[in-house]
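Asker: Sequence:
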Amino acid sequence: MPWEDLRLALEDAIAAEGLTAPTVSHFGDMLARTAPDLGHRADLYTHAEILSFCSVGVAARLVTEAAEQIALCPLSIAVYALPGEPGRSYLAYRRPPQTGAGSATAEALMQRLVKRAAEGG
1 MPWEDLRLAL
11 EDAIAAEGLT
21 APTVSHFGDM
31 LARTAPDLGH
41 RADLYTHAEI
51 LSFCSVGVAA
61 RLVTEAAEQI
71 ALCPLSIAVY
81 ALPGEPGRSY
91 LAYRRPPQTG
101 AGSATAEALM
111 QRLVKRAAEG
121 G
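If you read the sequence shown in the working numbering, its first letter stands for residue 1, the second for the next number, and so on.
It is possible that some hints are incorrect.
When the alpha-carbon atoms are kept at most 25 Å apart in a straight line, the in silico DMTMM-like pairs for lysine to aspartate or glutamate are as follows [what the hints assert, rightly or not]: (1) Lys115 to Asp37; (2) Lys115 to Glu85; (3) Lys115 to Glu11.
The following label-pair restraints were derived from C-beta to C-beta distances [stated by the list, open to error]: (4) Ala60 to Asp37: 24 to 34 Å; (5) Asp37 to Glu119: 13 to 23 Å; (6) Glu85 to Gly120: 17 to 27 Å; (7) Ala60 to Ala21: 14 to 24 Å; (8) Asp12 to Arg95: 21 to 31 Å; (9) Leu44 to Arg95: 17 to 27 Å; (10) Cys54 to Thr99: 20 to 30 Å; (11) Ala66 to Met1: 31 to 41 Å; (12) Cys54 to Ala104: 35 to 45 Å; (13) Gly87 to Val63: 20 to 30 Å; (14) Ala104 to Arg41: 33 to 43 Å; (15) Asp43 to Thr64: 37 to 47 Å; (16) Thr34 to Glu4: 35 to 45 Å.
Calculated from the structure, these hints are not laboratory results. The beta carbon of each residue, even a glycine, is placed where N, CA and C say it ideally should be.
Modelling step: build the complete structure from the supplied sequences, incorporating the hints.
Answerer: Here it is in structure tokens:
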């Protein structure tokens, strides 16, 4: 689906889980803005944002399982579109590295959010 629709569907999916509104990182804009100074292409993405959000219950389970999983908090999902692929967009997230109950809970939440967003909210 088009990036704008998927981005809105992701935000709706996060809200449907009862989570607070996400913090948005305008990643694509930052890359385009810094391209002249850093020497990379300005058009790596047509659109790219990272939505970060927190579930206290999931966070507590993650860090109870392994203290270093604090680095996963807040959880985040990227929504992006690539040049040359009009009408197509993608979702991506970091999977927890552990295999315990906390990681499984986080993975299940992320999968629900991605699935709901991909289905249009």
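Asker: Taking 21 to 31 Å as the stated bounds, is the beta-carbon spacing between Asp12 and Arg95 within them?
Answerer: At 23 Å between Cβs, range holds.
Asker: Is 20 to 30 Å respected by the C-beta to C-beta distance linking Gly87 and Val63?
Answerer: 40 Å, violated
Asker: Has the hinted range 31 to 41 Å been met by the Cβ atoms of Ala66 and Met1?
Answerer: The hinted range 31 to 41 Å holds for Ala66 and Met1, with Cβ atoms some 35 Å apart.
Asker: Quickly compare the C-alpha distance for Lys115 and Glu11 to 25 Å and report which way the hint goes.
Answerer: Cα-Cα ~13 Å, so holds.
Asker: Using the C-beta atoms of Ala104 and Arg41, is the stated range 33 to 43 Å upheld?
Answerer: The hint (33 to 43 Å, Cβ to Cβ) holds, given that Ala104 and Arg41 are roughly 38 Å apart.
Asker: Per the hint of 14 to 24 Å, is the separation of the Cβ atoms of Ala60 and Ala21 within bounds?
Answerer: 21 Å, holds
Asker: Does the hinted range 20 to 30 Å hold for Cys54 and Thr99 at CB?
Answerer: Given range 20 to 30 Å: holds, Cβ gap about 22 Å.
Asker: Starting from the hint 17 to 27 Å, judge whether the C-beta atoms of Glu85 and Gly120 obey it.
Answerer: 19 Å, holds
Asker: Given the hint of 35 to 45 Å, check if Cys54 and Ala104 actually sit that far apart at their C-beta atoms.
Answerer: 18 Å, violated
Asker: Range first: 37 to 47 Å. Now tell me if the beta carbons of Asp43 and Thr64 are that far apart.
Answerer: 43 Å, holds
Asker: Does Lys115 pair with Asp37 here, judged by a C-alpha cut-off of 25 Å?
Answerer: 38 Å, violated
Asker: Regarding Ala60 and Asp37, is the given constraint of 24 to 34 Å on their beta-carbon distance met?
Answerer: Given range 24 to 34 Å: violated, Cβ gap about 41 Å.
Against the hints set out earlier in the document, violations occur for numbers 1, 4, 5, 12, 13 and 16.
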